[in-house]
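Work the whole structure out from these sequences, hints included.
2 protein chains.
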Amino acid sequence: MRLYWSPVELASRLARRGVRYNFASGAPDPGLLPINEIRRSFERIYEKYGAAVIAYPGAGGLRELRIELSRYINKALNIRVDWRNIIITAGAQHAIKILSQLLMRRRTIVYVENPTFVETIAPMKFQGARLIGIPMDDEGMNTHKLENLVRNYGPGIVYTVPNCHNPTGVSLSSDRKRHLLEIAEKHGLKIIEDDPYTSLYPNTGQTLKSMNNDVIYVGTLSKILGPGLRIGFVITSGKLRNDLEKIEQHDFAASTLTQYLVYDLLRRGVAYDVIQKAHELYPRKLRELIESLDEYLPSALMYRPSCGFYAFINTKANAWNLLRRGIKQGILFVPGNKFFINENRPNTARLSIGSIGINLIRDGIKVLSVIMNN
Amino acid sequence: MRLYWSPVELASRLARRGVRYNFASGAPDPGLLPINEIRRSFERIYEKYGAAVIAYPGAGGLRELRIELSRYINKALNIRVDWRNIIITAGAQHAIKILSQLLMRRRTIVYVENPTFVETIAPMKFQGARLIGIPMDDEGMNTHKLENLVRNYGPGIVYTVPNCHNPTGVSLSSDRKRHLLEIAEKHGLKIIEDDPYTSLYPNTGQTLKSMNNDVIYVGTLSKILGPGLRIGFVITSGKLRNDLEKIEQHDFAASTLTQYLVYDLLRRGVAYDVIQKAHELYPRKLRELIESLDEYLPSALMYRPSCGFYAFINTKANAWNLLRRGIKQGILFVPGNKFFINENRPNTARLSIGSIGINLIRDGIKVLSVIMNN
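So the protein lines, in turn, are chains A and B.
Once you know that position 270 of the first sequence is 270 in full-length UniProt numbering, the rest is easy, because the numbers rise by one and skip nothing.
Once you know that position 155 of the second sequence is 155 in full-length UniProt numbering, the rest is easy, because the numbers rise by one and skip nothing.
Note that these hints are calculated values from the structure, not bench results.
Mixed in with the good hints there might be a few duds.
Heads up, the list lumps identical chains together, so a pair's fine if it works in one copy or across two of them.
[Unchecked claim] Restricting the straight-line Cα-Cα distance to at most 30 Å, the calculated cross-link-like pairs of lysine-lysine (DSS-like) are:
1) Lys-328 to Lys-190
2) Lys-145 to Lys-186
3) Lys-239 to Lys-75
4) Lys-145 to Lys-366
This is the structure in structure tokens:
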């Protein structure tokens with residue numbers, strides 16, 4: 001089974017309409033998307049660049065965008081980077097796919113948090129990689145257990161979402177970040193850091209990339225400027241950077257038009273305005289989710305989320321059955337079983353506060369609790 | 001050497017500026033790109049759909065676009081298709097890449113015209129496919145020789161640009177199209193038909209897909225509405241259709257915004273307006289190229305182009321050396337060696353009339369002839 005549907009997609013398909021409480025979507029809050037500024041940027045780039053905005057994209061991405069991104073990455077993510085070491089991709093998922101093509105083949109060992117994000121590991125599985133799950137707790141992956149696994153399975157790649165993890169919401173503690181980097185150094189592991197959420201919260205802790213330049217960093221503008229623009233990026237250097245630039249030409253999928261749009265949005269500071277609003281909104285939404293769970297489903301939380309969009313819960317009964325009943329009450333979430341590596345955990349689910357309105361969170365959890373307790 | 005730079009990219013890099021006669025680019029004529037209509041479509045979709053135009057794209061592509069495309073494909077390409085059998089991709093190159101991932105692995109036999117388009121075979125080589133070149137003449141691939149090759153190497157995939165071939169400009173004759181389909185049926189070959197140019201010319205002859213529904217068809221809007229939108233598509237059915245929909249989720253690279261744009265452009269008939277103008281312009285441009293070559297470089301043409309953007313010539317000397325000298329005179333083209341399969345043909349080049357102004361073609365060939373004869 002090298003190809004399969006994501007449970008995020010399957011859950012959404014079950015409920016095409018009538019969703020009042022959408023805890024399934026990983027999309028950002030619609031109220032924060034700068035749709036009017038995107039219109040303004042369209043006018044600006046149209047006036048300034050004309051037909052160039054629909055010309056073929058160049059290798060590695062639009063130079064202007066890469067330069068502007070290097071500033072953004074420094075300011076919003078505290079990572080210093082030469083623009084030449086930024087490769088533009090058609091979203092972070094596209095970045096992870098082409099990295100998987102370059103770095104993984106049959107039986108490549110890939111260490112991942114367990115649970116992990118089901119969609120990003122799909123292209124790794126397609127390559128034939130052997131995924132090894134690293135146990136997690138409220139401080140992120142257990143790095144001591146990772147080291148034991150590495151002793152057992154040997155060197156390979158670590159794929160991690162260290163800050164604001166998907167699907168658990170936890171962040172890797174500073175001590176464990178240092179430990180992870182030590183282990184990688186000692187055992188010759190490559191680290192892929194997938195980091196969509198760090199900029200959305202204040203005080204999320206450092207990125208691994210800012211601590212060690214060998215880390216391969218995957219970033220995205222999807223959660224800030226809109227996922228439909230499909231603009232993500234990889235920060236890396238040397239041979240991998242060159243290979244990425246070449247393999248990106250096998251599809252050159254990133255639209256020139258949306259590259260120009262993101263360039264202009266960054267240039268005018270729109271991303272920073274959104275980040276400011278995000279810093280205010282998402283922590284409140286996540287707190288609302290946690291407090292509602294504590295009140296209506298006090299033993300459900302399997303991990304204590306610190307940031308990002310997600311909380312992972314024990315549903316006590318089969319989550320797909322629960323979902324079918326939930327949909328009738330207008331509630332949508334993603335069953336958690338497929339987020340696990342070589343484990344069967346059908347009584348789990350991921351809840352997202354990304355796109356649901358803040359005022360609906362408490363009600364939604366109340367409805368969920370009624371379904372779960374009946 | 002599984003990853004390499006395209007000579008199209010390399011040639012463009014040699015001459016960053018000062019190109020007066022651009023015979024290298026496969027981009028469409030800038031004068032035909034409907035840039036004002038794209039602006040109008042942006043306003044329309046913004047008004048009508050709001051933030052939905054920057055939401056995550058759905059599996060298989062935007063439903064409205066697929067439905068509108070099924071009408072376009074019927075009208076412009078004479079192919080009848082259920083919209084569910086159209087999978088949207090981020091351009092035709094992206095389509096060919098994901099088809100390669102699904103259909104090819106190490107040692108998969110892939111029969112391709114020799115010469116063929118260097119960029120589309122790059123992802124096939126990356127998969128480890130074994131490419132077998134089919135000799136060509138002015139009627140396209142020699143299907144009798146193909147059958148001999150198949151008897152020798154066994155079943156596999158045929159990747160072909162039957163109409164308005166890249167890089168030779170020839171079209172497969174009707175008799176050979178029928179013969180190719182017979183061979184495929186008899187020997188169990190899968191056919192991938194790559195077809196970017198058919199709609200740009202009147203009377204290009206049938207597509208293989210319209211003659212046999214088993215053919216896997218790859219199309220694009222790049223040459224009509226603008227390559228920077230990155231919207232292409234695959235027409236296929238059954239398991240391959242389902243697998244494409246799933247693997248497309250490994251990157252979901254096609255921008256929602258540009259999908260909405262193309263949807264609105266098709267809906268308002270803009271694509272048909274462009275096609276009408278293309279039918280008038282491109283045959284004139286190609287005739288101008290052929291007549292200029294006949295006048296200034298009478299023995300250069302290796303094949304007689306019938307449609308599309310390209311002519312393939314014998315440069316009599318190493319084409320890269322020639323290009324370096326040509327660039328000083330403001331002329332750019334693509335050396336042809338890499339278009340060949342397992343053959344060394346350094347004294348060849350591809351000339352494109354895609355984006356060069358029609359009034360510059362004759363002058364450009366004159367300049368080229370001076371360089372070649374010195």
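Homo-oligomer pair classification [Lys-366, Lys-145; C-alpha up to 30 Å]: Neither: 37 Å inside a chain and 71 Å across chains, both beyond 30 Å.
Within, between, both or neither: Lys-239, Lys-75 at alpha-carbon 30 Å: Result: close within a single copy only, 27 Å intra versus 47 Å inter.
Intra- versus inter-copy proximity for Lys-186 and Lys-145 (alpha-carbon distance at most 30 Å): within (15 Å within a copy, 57 Å between copies)
Intra- versus inter-subunit Cα pairing at 30 Å for Lys-328 with Lys-190: Close neither inside one copy (45 Å) nor across copies (45 Å); limit 30 Å.
The structure fails to meet hints 1 and 4 from the earlier list, while all remaining hints are met.
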